[in-house]
Amino acid sequence: MNIPSSIWTLLIGIALTLVSLWYGQNNHLLPTAATDEAVLVDGLFNAMMTVSVGIFLLVEGILIYCAFKYRRRPGDNSDGPPVFGNVPLEALWTLIPAIIVIGISVYSFDVYNEMGGFNPHDVHEPPVAQKPMKMPGSAIAATLSDTPPSTAPNLNQQKSEEARLDPATASVRNDDQIPQQRNAPGVGVVAPTIGSSPDKQGKPPGLAVNVTAMQFAWIFTYPDTGVVSSELHVPVGREVMVNMTANDVIHAFWVPEFRLKQDAIPGMQSEIRFTPRIMGTYPLICAELCGPYHGAMNTKVIVETPEAYNQWIQEQQVASIEELNQAVAVKPADLSPTEFLAPYTSNLGIQPEILKQIHTNHH
Amino acid sequence: MQSQIIDPAKTDLNHHHTAEETASHHEEHPDHRIFGLILFLVAEGMIFMGMFGAYLAFRALLPVWPPAGTPELELLLPSVNTTLLISSSFVMHNADTAIKKNDVSGMRTWLGITAAMGIIFLCGQLYEYSNLEFGLTTNLFASSFYVLTGFHGLHVFIGVTAILAVLWRSRTSGHYSNEKHFGVEAAEIYWHFVDVVWIILFGLLYIL
Amino acid sequence: MTQAQLQETANQPALIEEPGVRNWRDYFTFNTDHKVIGIQYLVTTFVFYCIGGVLADLVRTELKTPEVDFVSREVYNSLFTLHGTIMIFLWVVPAGVGFGNYLIPLMIGARDMAFPRLNALAFWIIPPAGLLLIASLLVDAPDAGWTSYPPLSLTTGQIGQSAWIFCLLLLGTSSILGALNFMVTILKMRTPGMTVHQMPLFCWSMFATSALVLLTTPVLAGVLILLAFDLLAGTMFFNPTGGGNPVVYQHMFWFYSHPAVYIMILPFFGAISDIISVHSRKPLFGYKAVAYSSLAISFLGTIVWAHHMFTSGTPGWLRMFFMITTMIISVPTGIKIFSWLATLWGGKLRLNSALLFAMSFVGMFVIGGITGVMVAAVPFDIHVHDTYFIVAHIHYVLFGGSVLGIYAAIYHWFPKMTGRMLNEFWGKVHCALTFVGLNLTFMPMHALGMMGMNRRISEYDPKFESLNFLCTMGSYLLAVSTFPFIINAIWSWMYGPKAGNNPWDALTLEWMTTSPPAIENFDELPVLATGPYDYGMSNRNTEVDVPLADEREPVLAAGPSSVLRAEPDPNVAANPEDRK
Ligand code: HEA
Ligand code: HEA
Ligand code: CUA
Ligand SMILES: [Cu+2]
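Residue numbers (the numbering used here), protein chains in the order written: chain A, 22 to 384; chain B, -2 to 205; chain C, 212 to 791.
No wet-lab data here; the hints were simulated from the structure.
Mixed in with the good hints there might be a few duds.
What the hints assert, rightly or not - Cross-link-like lysine to any residue pairs, in silico, SDA-like; alpha carbons within 25 Å at most:
1) C/K559 / A/F77
2) C/K559 / A/T30
3) B/K98 / B/W165
Only a predicted model underlies this, so the values are computations on that prediction, with no experimental measurement involved.
Given only the sequences and the hints, what does the whole structure look like? Please build it.
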């Protein structure tokens, strides 16, 4: 290598780095980061974007350079130089990507940890085997000689029952009819959770909301106040814990501005926590194909001031008391799910008839 | 390019390749078929592995296993059946030894016995099915039980058919000999495979 | 004499002068010639590609506007389900098998595949399976996506879903039989002078592919059998209401379907290695490193499947495990990419359609690969999973990768297969239109996904309309770009200029026979008088300028003494220095 070419290499290297760094920080590809967790994810994304732009420019640059510099000139039928490979070079471009991906992995690991991925059920981790959970069929199983019923608590069952203590949640969910899966990290399935971030560990969440997904609606129930809603209202700055499950097929809870997505799976209770930091109205989208109206299964998350939130809760309570009065004549239990859901689904643009048709369609 | 001339003695007619190699190049070499069969059984094995994996996952994920209301499985008949199937592998091996000694009638006898054992196994299986108190859709255990044993039973059936086909072909004298006995060997390897799968299956469904 | 002439001279005894021209009727019969079967595969799968592409354009037409205005929601779901299934199982996977069938016996100097009848059987399974799937569109099409996750797939139409399952079971069987055949052929049928370290890289990558197929496709068969029981017999394996677990389905499905993405790309990695080396007139840089990186990809490919399930209840530690293994795959892939770039560097690039497609392949695949690494990062994947960012990723790797690879391979081997040259001008037009169309269609999808557009929806937020409009226009351009190719291929097949045996001056053995190759390929066993990638060896003594190289040390050498080189058969090597 002669000196000018190495200077060129250096200059190009510097330019490449600068462009990558600039684009990595200024891509504006992601929407508002409306939760604390989203900020972390954006940091990771920008770092990855920096590296990616670098690799992209390097590879495309070499390709274009080769296409011009090394194209065959007319009349030249000779071959290129017999270069067969070089171990140090191969080692170099094995090692550098390896270091890069390990770096990205470590960073991702850290972000995931900060988001609470590893601290799922810190708050109400039950003392093991202190009160064995009631499990359907455990009595019969006990009579079987070979497999004694497991006494390990069934986290899904537990969360389901906990959520059902709230009558409103109980009335929109059918998870008592679906056997709740056992947590089994060993085989790769758990009650999916994103817990609280490490700094909020051990503290109870500021607000708990139960989410029930069904074809094709989201129903939010607030166990503290008994409110039932088709929109998610949360106060800004308080940690929210969402417990969700699905009644029929798999759905997924996604708020792009929160960078949070979690499947709601029948037979499992998914729990995620987040802390909204910017007020606004954001879309809440069902991200898992769940049938023809999957694309319409959207609603809103409203992050508002605590005052506005409290006011909304009060309005809802008044409304639901009125509804309750109406319902004295018809007990909610006697209502079909479609009838019960009608007030919540109508403002999603889904006609009750469709719901009904769909609910009767399967099985 | 001046210094490089082809050495005609060397490139001419592939001097180092013997005529034998060239001949074997023409037809399907029996060795390849055995190798092919083994690869096929690796693939078959993976179907079973997948299903076993699913079974273990269901076991680990349901709060109670076997699910409530599953009557206990009778162990006597399956154990007898298992013994039968395992010993049939040894019987089958005798057939292979016999043909390697060019003893066609010996091979036929052993094959006959193996096929009979296989058929008895299948009948035993059917008998067990008809006496079980649960059906295919009773619960997750029942479904797994029927699907796994049924899928294995299908393989036993294919194995028996293969053995019978070998028996049928061996009527023509000279069809199998100590040199040429791909059919016997293939049927044997297949039969051992069916056997090994059963041992795992038995362990999973009845013992575990 | 050039290297190519040396190789051709040495293989004179193997050459059968009579080109193997076939009657067109042969292509419609149960023919056991691997070349007929290869063509059958390629033509059939291309027809399926056109069908899949038309479905894609119907999808795009629906997405041109935010409202559901072109087809109903149910039909829309069937459209992308069939589009995904057809493109994957009836186009890219079998197209790889088609090239493998045509090329492997020729490349290793064999007369046919190990099991010719099995081979024909494997092909003839495909058309009925494809017809079954497409026919279901008329009755009750499957509409649960190409992944068919239960419980949804158990609640939509039963007929369509069972058609989908049986189609996939058939195609899986076909693919297993093909893979078995390749394994045996590659391991047992090489011409005696060829060790594994002299095989063309396409053979290496088909070997790696076949290993994946053999180990993982059966698991798909297993899970489909269970799904069929759920669907038709009322068992509850994946149905939560009876205690079944839908997540177990996902594990089993991805245990196959993640490796399947490497089944779809590895054959073309191999083809690209060959094409780049021939057309840049330089030995492939780091032959052995590229060869073994295929095996590394295969191995790693089997232990990363749960990266498709980061939001479906995968435990934290497992997410981290799968994240790291997934990212590590970029290391062997990087070895390939950089080796290709190093091969191009300093070459004498013949910028014909084959090389242009191959270079576009490298450029486009890298984009898909990088977004792959991004989505492997769990926190980011949680955001973009099931969005158009993923749709962008899959099309950059599958269209920008596999499909461009297929085109490169067609332009490269068409002269061998038909004995005639393709038209270069129209080839370049095809390449340029495809390149523009591809980026126009799929680049905006990255932004769409990150901003909040989820996939598999027929209606979307109006704020995404303009970008979607661009995508739709791009997809029409892609449709248009196909016509120059189709016409060029048909016209050239019939009237194109004669190609001669070795139009590219290539060294691998498939060029050492007539075009199209004689019925039995070779008369005598072909030999490797020069290595498969020994281009440029006539100026063997020229100083090669490679950073970090030291010619005195074999491990550090970059020239012909490099340990990474694929050497000729020492018994017949044309160059005295290569004889042992
Ligand atoms: C040909 C097909 C193909 C190929 C080759 C790949 C390659 C890769 N894919 Fe992709 N993938 C698909 C097809 C493919 N994928 C499909 C079809 C889906 C969606 C399925 C569905 O849900 O419908 C999918 C989805 C998918 C997901 C799930 C996303 C989600 O649903 O949330 C993930 C996550 O990790 C992923 C990752 C990767 C990675 C890391 C690679 C790697 O192999 C890429 C490696 C390559 C490079 C990295 C570029 C070259 C390397 C260098 C230049 C070296 C330097 C680079 C670095 C240091 C980064 N893919
Ligand atoms: C190899 C795989 C492959 C290929 C090549 C393509 C090619 C294309 N894909 Fe595909 N795609 C997938 C694999 C592939 N896709 C998969 C796996 C999915 C996920 C499915 C799922 O979610 O379940 C998907 C999903 C998918 C979506 C998302 C749907 C959704 O989530 O709602 C979209 C949307 O734009 C899309 C578009 C396209 C387009 C425009 C092309 C274009 O490149 C197509 C260009 C080709 C043509 C247009 C054909 C041209 C030929 C003619 C027009 C000739 C006319 C006919 C004759 C003469 C007979 N694809
Ligand atoms: Cu609910 Cu998609
Ligand atoms: Cu994958």
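Quiz prompt | Pairwise hint evaluation, A/F77 against C/K559, where the allowed Cα distance is 25 Å at most | solution = Given that 25 Å is the threshold and the Cα spacing comes to 24 Å, the pair holds.
Self-check item: Restraint status (C-alpha distance of C/K559 to A/T30 at most 25 Å)
Solution: Given pair C/K559, A/T30 holds - Cα atoms ~22 Å apart, limit 25 Å.
Quiz prompt | Satisfaction of hint between B/W165 and B/K98, Cα-Cα up to 25 Å | solution = holds (20 Å)
When each numbered hint is compared with the structure, no violation occurs for any of them.
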